[in-house]
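Novice: Taking the hints into account, I'd like the entire structure generated from these sequences.
Quick mapping for you: the protein sequence lines, in order, are chains A and B. Going by this note's numbering, the first sequence runs without a break in its numbering and finishes at 115. Going by this note's numbering, the second sequence runs without a break in its numbering and finishes at 114.
Keep in mind that the hints were calculated from the coordinates and are not lab data. Beta carbons: idealized from backbone N, C-alpha and C, even for Gly. Errors might be hidden in some of the hints.
DSS-like, lysine-lysine: derived pairs with alpha carbons at most 30 Å apart [what the hints assert, rightly or not]: (1) K44(B) with K73(A); (2) K70(A) with K11(B); (3) K102(A) with K73(A); (4) K44(B) with K11(B); (5) K78(A) with K44(B); (6) K44(B) with K55(A); (7) K70(A) with K44(B).
Sample of chain B residues lacking proximity to chain A, with all beta carbon distances greater than 10 Å (derived) [what the hints assert, rightly or not]: (8) A5; (9) P8; (10) R16; (11) A20; (12) W22; (13) S27; (14) D63; (15) K78; (16) Q80; (17) K83.
Derived list of chain A stretches under chain B, where covered just means 3 residues or more per stretch with a C-beta under 8 Å from a C-beta of chain B [as the list claims (entries may be wrong)]: (18) 80–86; (19) 101–114.
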Amino acid sequence: AQTVTQSQPEMSVQEAETVTLSCTYDTSESDYYLFWYKQPPSRQMILVIRQEAYKQQNATENRFSVNFQKAAKSFSLKISDSQLGDAAMYFCAYLGMIGNEKLTFGTGTRLTIIP
Amino acid sequence: EAGVAQSPRYKIIEKRQSVAFWCNPISGHATLYWYQQILGQGPKLLIQFQNNGVVDDSQLPKDRFSAERLKGVDSTLKIQPAKLEDSAVYLCASSSRASNTEAFFGQGTRLTVV
Chain A
1 AQTVTQSQPE
11 MSVQEAETVT
21 LSCTYDTSES
31 DYYLFWYKQP
41 PSRQMILVIR
51 QEAYKQQNAT
61 ENRFSVNFQK
71 AAKSFSLKIS
81 DSQLGDAAMY
91 FCAYLGMIGN
101 EKLTFGTGTR
111 LTIIP
Chain B
1 EAGVAQSPRY
11 KIIEKRQSVA
21 FWCNPISGHA
31 TLYWYQQILG
41 QGPKLLIQFQ
51 NNGVVDDSQL
61 PKDRFSAERL
71 KGVDSTLKIQ
81 PAKLEDSAVY
91 LCASSSRASN
101 TEAFFGQGTR
111 LTVV
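Specialist: Written out as structure tokens, the structure reads:
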């Protein structure tokens, strides 16, 4: 079974600074997707960024970028120029592309932005 | 494009009572997920549908939880009888290959069992 591990329960960063959230996963599959979702206090889960395992290039979405290390099964999220609106829970998630295509989440990292 | 709709937003029940949650996924999305999210934890998959068929319910407590997806569209999740430890947010999400696998989530239902 696939597992997703987020080892940082909480992180904080000064506004306008850069922060990196860590995620590792375990799988025997070669084809899969990885995601970072943001969950603000309103509870609505919002997709931040997506990475396809067959793509070597790291995904980037404006201030958000990932460092995808397939061999190490590592998928970290870097937030540049942190803003107050970035404060939320961040979840790393794995989606296998073979069989059931189950979307599995990590335990989350609570990000606090310090003004 | 309308998002994933869930109702109710909040529900408070006494233990041993029953409760049902409703989810209307995005039109055309074949995959529908129900997650349980206990406060401070990540979402745990309860059941996954592909159209109206169940593809994964390995973590669904089948002695008390049930779910169905009528005609491959709307879905209901039921708990009967509820226990205190069922207090959580229940999230519904849907996805499709056409959406490039992105799962779209509803706002969830917060259940409190007292």
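Novice: Run every hint past the structure and note whether it holds.
Specialist: So, going through the hints one by one against the coordinates:
1. A distance of roughly 21 Å separates the Cα atoms of K44(B) and K73(A); the hinted pair therefore holds under the 30 Å criterion.
2. Restraint check for K70(A) and K11(B): the C-alpha separation of about 42 Å exceeds 30 Å, so the hint is violated.
3. For a cut-off of 30 Å, the pair hint linking K102(A) to K73(A) stands: about 18 Å separates their Cα positions.
4. Distance check on the hinted pair: K44(B) and K11(B) sit about 20 Å apart at the alpha-carbon level, within 30 Å; holds.
5. For the hint linking K78(A) to K44(B), the alpha-carbon distance of about 25 Å falls within 30 Å, and the restraint holds.
6. Straight-line distance between C-alpha atoms of K44(B) and K55(A) comes to about 28 Å, which keeps the hinted pair within the 30 Å bound.
7. This hinted pair checks out: K70(A) and K44(B) have alpha carbons roughly 24 Å apart, not beyond 30 Å.
8. The beta carbon of A5(B) is kept farther than 10 Å from every beta carbon of chain A, the shortest such distance being approximately 12 Å.
9. Distance to chain A confirms P8(B) as a non-interface residue, since its nearest Cβ pair spans about 13 Å, more than 10 Å.
10. With a least CB separation of 27 Å from chain A, R16(B) remains clear of the 10 Å interface cut-off, as annotated.
11. Chain A leaves A20(B) outside its interface by the beta-carbon criterion, the shortest separation being 19 Å against a cut-off of 10 Å.
12. Every CB of chain A lies more than 10 Å from the CB of W22(B), the least distance being 17 Å, so the non-interface label holds.
13. Separation of S27(B) from chain A is adequate, the least Cβ-Cβ distance of about 19 Å exceeding the 10 Å criterion.
14. Once the 10 Å rule is applied to beta carbons, D63(B) is consistent with being away from chain A; the minimum gap is 22 Å.
15. The beta carbon of K78(B) is kept farther than 10 Å from every beta carbon of chain A, the shortest such distance being approximately 21 Å.
16. For Q80(B), the condition that its CB be more than 10 Å from all CB atoms of chain A holds, with the nearest at approximately 24 Å.
17. Chain A leaves K83(B) outside its interface by the beta-carbon criterion, the shortest separation being 22 Å against a cut-off of 10 Å.
18. Coverage of the stretch 80–86 of chain A by chain B is violated. Counting CB-CB distances below 8 Å, 0 residues qualify, and the rule asks for three or more.
19. Judged by the Cβ-Cβ criterion of 8 Å, the stretch 101–114 of chain A is covered by chain B as claimed, because 8 of its residues qualify and three suffice.
Comparing the model with each numbered hint stated earlier shows that hints 2 and 18 do not hold.
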